[in-house]
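These protein sequences, in sequence, are chains A and B.
Okay, so the first sequence: first residue is 3 according to my numbering, each after it adds one.
Okay, so the second sequence: first residue is 3 according to my numbering, each after it adds one.
Take the hints with a grain of salt, since some may be wrong.
Because identical chains cannot be distinguished in the list, a pair is counted as satisfied if it fits within a single copy or across any two copies.
Claimed, not checked - Below 25 Å or equal to it, Euclidean Cα-Cα: the simulated DSS-like pairs (lysine-lysine) are: (1) Lys216 with Lys259; (2) Lys482 with Lys219; (3) Lys259 with Lys236; (4) Lys259 with Lys209; (5) Lys342 with Lys259; (6) Lys482 with Lys310; (7) Lys482 with Lys101; (8) Lys341 with Lys480; (9) Lys494 with Lys341.
Bear in mind the hints are in silico, worked out from the structure with no lab data behind them.
Protein chains: 2
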Amino acid sequence: MTQTVESGRTQAGTRVDAWLTQFTEALNAGDADRAASLFADESYWRDLVSFTWNLVTVEGPAEVSELVSADAARQVAPVSFEVSGEPSEADGITEAWLKFETAIGRGTGHLRLNADDKAWTFLTTLDEIKGHEEPASPNADRPFGTEHGANPDRVTWAEQREAEAAELGYTRQPEVVVIGGGQGGIALGARLRQLGIETIIVERNEKPGDSWRKRYKSLALHDPVWYDHLPYLKFPDNWPVFSPKDKIGDWLEMYAKVMELNYWGSTTAQSATYDEASGQWNVVVDRAGETVTLKPRQLVFALGVSGKPNIPSVPGEDVFQGEIQHSSQHPGPDAYKGKKVVVIGSNNSAFDICGSLWEVGADVTMVQRSSTHIIRSETLMTYALGDLYSEEAVRNGVDTYTADMIFASLPYRIMHDFQKPAYDKAREVDADFYRRLEEAGFDLDFGDDDSGLFMKYLRRGSGYYIDVGAAELVADGKVKLAKGQITELTEKEVVLDDGTRLEADLVVWATGYRSMNGLAADIIGQDVADKVGKVWGLGSDTTKDPGPWEGEQRNMWKPTQQENLWFHGGNLHQSRFYSLYLALQLKARAVGIPTPVHRLQESHHTS
Amino acid sequence: MTQTVESGRTQAGTRVDAWLTQFTEALNAGDADRAASLFADESYWRDLVSFTWNLVTVEGPAEVSELVSADAARQVAPVSFEVSGEPSEADGITEAWLKFETAIGRGTGHLRLNADDKAWTFLTTLDEIKGHEEPASPNADRPFGTEHGANPDRVTWAEQREAEAAELGYTRQPEVVVIGGGQGGIALGARLRQLGIETIIVERNEKPGDSWRKRYKSLALHDPVWYDHLPYLKFPDNWPVFSPKDKIGDWLEMYAKVMELNYWGSTTAQSATYDEASGQWNVVVDRAGETVTLKPRQLVFALGVSGKPNIPSVPGEDVFQGEIQHSSQHPGPDAYKGKKVVVIGSNNSAFDICGSLWEVGADVTMVQRSSTHIIRSETLMTYALGDLYSEEAVRNGVDTYTADMIFASLPYRIMHDFQKPAYDKAREVDADFYRRLEEAGFDLDFGDDDSGLFMKYLRRGSGYYIDVGAAELVADGKVKLAKGQITELTEKEVVLDDGTRLEADLVVWATGYRSMNGLAADIIGQDVADKVGKVWGLGSDTTKDPGPWEGEQRNMWKPTQQENLWFHGGNLHQSRFYSLYLALQLKARAVGIPTPVHRLQESHHTS
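Excised from the complex, chain A in its bound form:
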């Protein structure tokens, strides 16, 4: 219960005020020990750019002390904090939303105090850099759009856009080149345009949205609309819960146009080398047959978690007489009615493709190579997402921005504890569903520590299926199930390691994608890719996410071991949320603000 004391301030509010006063004094005095003393032994300060020029979560008083002593934090003094709204208290934890201002910028924060008035979790995020606010900022003006008065040198908007399209990358170099024009590149491009940073987005497909359009025809987003908004322009209220792939493709296309992105479609990046002397990249691209060398200061890979297909090599590929496709190449089921299809894999794409092939009357076998986490879409929406991303959440005042910030306020180190209950609940409400899958021989898991979908996504980006119906086909035996590893292909068969032989007219490798730095290696070279190291994962020491513990996703949206090289991407939520922090880091560098990075990401793994 929230209790009101005489001053009109709640007890919770008074306690937060007191903590903030001490913390602010400590920061402004550069008193690292005093700042550290305000944090509990088990505590987490997650900073997104505002105090570290990095995405960092530090743990415990000693690491807080290091953060406060570092150049980045010293640079931003003096700081001031104020509480937004009224703090609340429940189960011994007091929570407050904060706004803060530093010498450099303005930000939003969140604080959880324990019963001893020590910080348990603390989030600080940079919203904007002073003097470089976006036009949509409350601290800036909307663009005027036209020019009133008579001006013999008038240049219209259309003329400006045409000139920019003709000049940028040819007679004038962009500050940033983004390789990859899916949702990640597009969202970042929109942010950078608003920050006035000239950017070219390079995309191998012809048009924005094609990376969705070209996938199998039954594909729809597995995340609901409330989770998927892009920056600045929300989906309208009549937008479907789960966007069909072509509809999200159309949205991305119009979004790129409306946001005035310099989007180079039909363009492939061939190589990128960094010239230390000039501090510029040489990025060679093939633009619809024309070789162009771009010389940006900053290079961002936004190739997505689903970048380059991972296609295993097995003996017999040359003798197999049927078709072989990666899931990303699968055109949809229509041509395969009555055909025998073997789908290798048991994650999202495998299930979706098996389901749509069964629908048209193909004879489909799924080959499960390792256990899979399956969660029914409806169950996921209700128990794992509903509090933050749903119509009900919006009605309760939790809009997408608030939901993003609540999610961001939970440190990755303890996030699995917050995730587990939803999946425990799923096993309870869907017990019969899971039992039938297991009876059909399907190997299930809920992650190494039973923490479910999001943790698997954040740790390894694979190993799960959000069930939108195809799991029943496996449980029913309508889609046949085989298990094991592929040892070879023959003229007409897929052969498994237990000797099983599966006749096939079509083999679909639903075997996922290579990690982003592996994909980048094709462009930046293996040496630079190795220097940067593995991209993605938390270092949780669970399957496919080797340690050491990082506290943030490796190399994502933050400085890497290669100067002026960045990685961006992920789902729509991440593309929306983290594009801001990446854009602010790029903006600071573009305008020459010193950016001493605290705890630069180290490289521990090359892939």
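Given the coordinates of chain A, assemble chain B onto it according to the supplied hints.
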């Protein structure tokens, strides 16, 4: 001041509650006299579709009585009203926002009570028809977007869209055909799609937005962004205050795509005849060279106030050796540097064109034929629009919907009284500006009754310039001014009725547009156009707006003397706001709800 009585309800609230209780009882009892007795002698009930199946403002108790006795009002009983928020009282007038429900639908209303607790103004607007709510309604669900589960008959979103594009108008007929694909047709099309009414929009230009793109290059919207939002999808917060024409063109293009409109570009309507027996129109169109006959039930003209150019015919056109253009054909100034240009007219387009020609160094003369109302853009924003449509209004809680409703709550009969003060203020703050224009010989007016821009727009749609800078050029003499009527053209001259001879390489007729029914006559025939009568205007008996008094804009968005023929259009505000009421009328007819129209528009003028 708002006073609170013991019950916790304010005095204002109590008085509104009492009025609503009596009014509801009277309506539900069909007691027209009692309902009428609740209205002041000078009073206005403006109904948009909810009680009249029409757009009607009735005046005084006798007309209220007629309304309540009419079939339309009797059909919608029982009704219930509730107050939204807390009523307020100022200067003897008590105001309240209302929500109401009838047998047919749900609506929003507004009430102003005078000091005697009689209604002075009363607004009732239909929001939705029960059982036919839009997906974005609080009373309906968002579309799901995809179909979970396995379905051998699955049709994807893209397949549905392709099939619709192939079939509609060929093997299956639309319910509605909209002629004109500018902002009006597009906004209406979006509403109809959400209401599930199959619609084809016919547009002579190739793409949505081209009607803006093809106009003179310096054009930007003269209305600010807060006034211009389209239904469902607001401009983002970083959108410019005044959209450049090509940018609004891009927005309309993407909006039409995202809203999934069946938009037939490069298509001209050739004829439309109504078949009484079948209750269908035969609309013959040329679709990129192919003749297609569409057979919709409903036909909507959305040709805009700016539809067909009004090009005077003067002697000597055949001997004139220079170029002659209507303002809508003017490509912009670039080709006319150093040329002599005569622009006939002194309204918006004339000024914009003169200004941009002067900017490139043309020798420009404006010919003023009659007095013009000029208001500086900044002054208009500050004094006439700012309370309703501005960043400050949004900060004060007046979003675009609220602003639209406040504007709608002011009856047209007395609107000029609300408008005058802003223009009195303009004459005060811009006294020097107006003095200099008059000294330059320019004939100014503020409307017949000094009520300014909006009243001129609503009454006649012409006669004004929102100054974005070109007026100074006339005041300075940089753009030369001549006055009078054109009597003839010679080989190299424009000759005026006072004998003035103006040398010209280019003559621009900035002479406005023909009225919508005149334009429609080319398609529906003069007899049907005459039966319907003049479109636009209030019947104010002021210049170019002959009486009798109508109370609403003639024939706009409401049933006409021609069954199943409708007119839609206007600026972005009107396209947004009135498209809802037109769409609801079309929906009711599509689903067979009886729609007895109260006070069907009569025809008094043929043009």
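Cross-check of the supplied hints:
For the identical chains of this complex, lysine 216 and lysine 259 are neighbours both inside a copy (20 Å) and across copies (19 Å), given an alpha-carbon limit of 25 Å. For the identical chains of this complex, lysine 482 and lysine 219 are intra-copy neighbours only, at 22 Å inside a copy versus 63 Å across copies, given an alpha-carbon limit of 25 Å. Taking the shortest Cα distances, lysine 259 and lysine 236 sit within 25 Å of each other both inside one copy (15 Å) and across copies (16 Å). In the homo-oligomer, the alpha carbons of lysine 259 and lysine 209 lie at most 25 Å apart both inside one protomer (10 Å) and across protomers (15 Å), since each shortest distance falls under that limit.
In this homomeric assembly, lysine 342 and lysine 259 never come within 25 Å of each other (Cα to Cα): the closest approach is 43 Å inside a single copy and 38 Å across copies. Neither within a single protomer nor between protomers do lysine 482 and lysine 310 lie at most 25 Å apart by alpha-carbon distance, with minima of 28 Å and 65 Å respectively. Taking the shortest Cα distances, lysine 482 and lysine 101 never come within 25 Å of each other, neither inside one copy (55 Å) nor across copies (57 Å). Taking the closest pair of Cα atoms, lysine 341 and lysine 480 come within 25 Å of each other only inside a single copy of the chain (14 Å); across copies the shortest separation is 78 Å, beyond that limit.
Taking identical chains as interchangeable, the C-alpha atoms of lysine 494 and lysine 341 lie at most 25 Å apart only when both belong to the same chain, with a minimum of 12 Å there against 78 Å between chains.
Violated hints, in rising order: 5, 6, 7; the structure is consistent with all others.
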